[in-house]
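Fit chain B with the ligand to the supplied structure of chain A, relying on the hints for placement.
Order-wise, the sequence lines are chains A and B.
Numbering follows the working numbering, with no gaps: position 76 of the first sequence is 76.
Numbering follows the working numbering, with no gaps: position 157 of the second sequence is 157.
There's no promise every hint is true.
Said to hold, decoys possible - Straight-line C-alpha distance at most 30 angstroms; calculated DSS-like pairs for lysine-lysine:
id : chain 1 : residue 1 : chain 2 : residue 2
1  : A       : 94        : B       : 64
2  : A       : 23        : B       : 64
3  : A       : 94        : B       : 104
4  : A       : 65        : B       : 64
Just so you know, the hints here were simulated from the structure itself, not pulled from any lab data.
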Amino acid sequence: MNTQSALSQETQWMIAVRDNRDKAAFGALFDHYAARLKGFVMRSGVSSGQAEEIVQDVMLTVWRKADQFDPNRAQVSAWVYQVTRNRMIDMIRKERRPIPEELTQEPDPEPDASQSLALEQEATKLREAIQRLKPDQREIIERVYLGELTHQEISNQTGLPLGTIKSRVRLGLERLRHELKGMRS
Amino acid sequence: MTAITHHLPDHLLASYAAGTLPQPFALVVASHVSLCDDCRASLEAHNAAGGVVLETTLEERLSKDLKASILAQLDDDFVREPVYEREGALPGPVMEALEGQPPKWKSLGLGVKQCIISAGENGSVRLLHIPPGQAMPDHSHGGLELTLVLQGSFSDEGGRFGVGDVEVANEDVEHTPIADAGDPCICLAATDAPLKFNSLMPRLLQPIFKI
Ligand SMILES: [Zn+2]
Chain A
1 MNTQSALSQE
11 TQWMIAVRDN
21 RDKAAFGALF
31 DHYAARLKGF
41 VMRSGVSSGQ
51 AEEIVQDVML
61 TVWRKADQFD
71 PNRAQVSAWV
81 YQVTRNRMID
91 MIRKERRPIP
101 EELTQEPDPE
111 PDASQSLALE
121 QEATKLREAI
131 QRLKPDQREI
141 IERVYLGELT
151 HQEISNQTGL
161 PLGTIKSRVR
171 LGLERLRHEL
181 KGMRS
Chain B
1 MTAITHHLPD
11 HLLASYAAGT
21 LPQPFALVVA
31 SHVSLCDDCR
41 ASLEAHNAAG
51 GVVLETTLEE
61 RLSKDLKASI
71 LAQLDDDFVR
81 EPVYEREGAL
91 PGPVMEALEG
101 QPPKWKSLGL
111 GVKQCIISAG
121 ENGSVRLLHI
131 PPGQAMPDHS
141 HGGLELTLVL
151 QGSFSDEGGR
161 FGVGDVEVAN
171 EDVEHTPIAD
181 AGDPCICLAA
191 TDAPLKFNSL
201 MPRLLQPIFK
211 I
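Okay, chain A solo, but in the shape it has when bound (with noise of 0.2 angstroms):
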């Protein structure tokens, strides 16, 4: 069986974008997700033109950083995500965000895509997880996300399902455990 086409478009794009430096795959990226990124970081508050250069940055890093991509180990949206704040604390605060070392990994000559359809099925479950939340639990999800809630207001959050939302996503990462460990030892 094909995996690999079972795969969704964006991680499909990506790898194009990774592997064969795929203008076409990265323009389809873009309509994507520019126009999302865009709501996302005015969500902070900052202008529209501000917010466009951020956008910017942040596709260009994309495009410039496709090697750091692991469909075994993030989902494009969350990789997107980080990739996000990353820049958006750089351009926004002028500070650096502390990141953690890269697991360093040989690259796979004979790619299973298994594991990555593994993790996009459970990043669905995610999303339906938090979809069925009660209004009033998804905004703060939202919130939180969003970068609206300091650490103190997500600790003294009662009944946020964060613990909820992890372990589903954990199933999925239980694998990738495994795999980092045998990649360490």
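Okay, now just chain B with the ligand, sitting in the frame of chain A:
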């Protein structure tokens, strides 16, 4: 290296992922994640949740020429940011904060040394070097504090903390960490309370004499 048993609480990982964690704490989170696959997996989970929120954000109309302008820059040269590798006990994010230089230790007396990495209104973060049997300078003066062990170990009322373990304390916690026998204990310690003991010698030495 023994297994890590003291991890980061979830709200700090979520706040780091969301970009709201003040930089001193973010340095501790990035350093712990560099050492801990468990918390790395949790952080990826928070990024996945962030990705879901990003995907469902309302779109904003883009300027007409934005796409063309970005596509035109794809072949431009760019400078890759330097990547700082782990050096001995110091993980990559700490080496980056030190700009690749070895820490400049300042003596606090009795073999205890510190190297302030940053201190400002967002709080402070520093490296501490504690010889075996010595107490860590008293740092429970209010606020949140995170202490990540990078070498050796210490023990206090909260248990034993070895390499990779992180102790989370707040003002309610009265604790006196003491470095265990063996290698000197090197910690990365962040707090949002003001640093109190690099100006006044008596106050500075008092906690050390408590042991
Ligand atoms: Zn951990």
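Hints versus structure:
1. A C-alpha spacing of about 28 angstroms is found between residue 94 (chain A) and residue 64 (chain B), which places the hinted pair at or below 30 angstroms, so the restraint holds.
2. Pair hint residue 23 (chain A) plus residue 64 (chain B) holds up; C-alpha atoms about 19 angstroms apart against a cutoff of 30 angstroms.
3. Annotation: proposed proximity of residue 94 (chain A) to residue 104 (chain B) holds, straight-line Cα distance about 25 angstroms (limit 30 angstroms).
4. With a C-alpha separation of about 25 angstroms, the suggested pairing of residue 65 (chain A) with residue 64 (chain B) holds against the 30 angstroms cut-off.
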